[in-house]
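Enquirer: Okay, here's what each chain looks like letter by letter:
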Amino acid sequence: MTCKHATLLLSESEERQLSSRERWGLRFHVVICAACRRFKKQLQFLRLLLSQASPKMLAAVYASDASLSEPRRQEIKTLLRRAAEGQ
Amino acid sequence: MTSRQTKEQIQSEDPAEWVDLYGDMLLSYALSRMRDRDIAEDLVQETFLVAWKSKGNFAGRSRFSTWLVSILRRKIADHFRREGSRTSYSFDESDEWEESEPLFNKQGKWTRSPKSWSASPEKLVENREFWTVVTRCLGDMPTHLAYVLRLRELKSAKTKDICNLLEITSSNVSVRLHRARLLLRQCLEEKWFE
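If you're matching them up, the sequences are chains A and B in order. Numbering that gives the first Met the number 0 numbers the first residue of the first sequence as 0 and each following residue consecutively. Numbering that gives the first Met the number 0 numbers the first residue of the second sequence as 0 and each following residue consecutively.
Simulated from the structure, these hints should not be mistaken for laboratory data. Please note that the accuracy of each hint is not assured.
If the Cβ cut is set under 8 Å, some of the chain B residues that face chain A in the computed set are [unchecked claim]: (1) L30; (2) L48; (3) V49; (4) W51; (5) W109; (6) R180; (7) L181; (8) L183; (9) Q185.
C-beta atoms are modelled at their ideal positions from N, C-alpha and C, and glycine is treated no differently.
Construct the complete structure from the given sequences, taking the supplied hints into account.
Expert: Shown next as C-alpha cells:
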C-alpha cells in the first residue's frame, strides 16, 4: 500500500466502514510508516478541533470583514426599487 | 423596526431598506461558506430579488431575517451544485492529483512528510487567531472542496445528506473530503504549526 492510498483510506474510514482487507492493509502500512502514523493522528486532531468550533467564534472571524461594498449596496437598492415600481 | 415583523409590515415596506437592515448579515453568512466576495455579493443580491418577488410567501411565523437566510442558503447550495457540474471535476485518480506541488510522488510516497504538531486542542478551540488561519486555509482551497469539508466537519452533516444536497455520489463526497483534509492539513502545518 502506498502513502497516497493509505491517506485515502484513513480519510474514508470516517465516511464508511472499510473492508477487512482494507483495514488490515492500512493497519500494516501505518505500523511501518511514521509519516502516515503522524497523518492519522493529525486527521483525528483536526476532526476533533473542527467539531468543537464555536459558531460564535467563526461568525466573529468572518464578520470582521463582512460588509456589502457601497456600489453593490446601491445596485441592489436600485434593482429592488425598480422591481417595486414595476409591480 | 422590531426584530419580529408582521407579514403586513413586510408587504408595505420599501424593499431598498432591507439592504441596510439585512445586507451585511446575509453577506457574512455567505462569506462563511465561500471565499469569493463577488460571488457572495451576487448571491446576496439574488436573495433580495427573490425575497421581493416571493414576499407573499413570508408567513410572518419566523423572523424576516431567518426567512432571508433560508433563501440565501438555497442560493448557495445551487451555486455549488452548478459549479460542481460546470467544472465537471473528474474523480479519476490520475488527474485528481495533478497540481503544481504534488503531495505525493509517483511512487505514492509523501513528497514532504507530515511534521509533528505540538498543540492542545483545548487551547486552540479558544484561539481566535487559529480560527482566522483555519478560515483562510479553507478560503485558499477550491471552493467545492472547502464547502464539503465545512458541511461535514463544521456542521457535522451526514455524508448521505451532502450527496443529496449537491447531487453527487458518496464516492465523490469521499474523494472531495479526502482532498480537502489533505489541503487543510498541509495549510495549517505551514501557516500555524511551523
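Enquirer: Each hint should be assessed against the structure and marked as holding or not.
Expert: Each hint tested on the structure:
With its C-beta approaching chain A no nearer than about 5 Å, B/L30 sits inside the 8 Å limit, and its interface hint holds. Of the supplied interface hints, the one on B/L48 holds, with its beta-carbon coming within about 6 Å of a beta-carbon of chain A, less than 8 Å. With a cut of 8 Å, the hint placing B/V49 at the interface with chain A is violated, because the nearest CB-to-CB distance is about 11 Å. Proximity of B/W51 to chain A holds as hinted, the smallest CB-CB distance being about 5 Å (cut-off 8 Å).
The beta carbon of B/W109 is positioned within 8 Å of a beta carbon in chain A (closest approach about 5 Å), and the interface hint is therefore held. The criterion of a C-beta within 8 Å of any C-beta in chain A is met by B/R180, whose closest approach is roughly 5 Å, and the hint holds. A least Cβ separation of about 6 Å between B/L181 and chain A falls short of the 8 Å threshold, and the interface hint therefore holds. For B/L183, the interface hint holds, the least distance from its beta-carbon to any beta-carbon of chain A being 7 Å, beneath 8 Å.
With 8 Å as the threshold, the beta carbon of B/Q185 stays out of range of chain A, its nearest partner Cβ sitting at about 10 Å, so the hint is violated.
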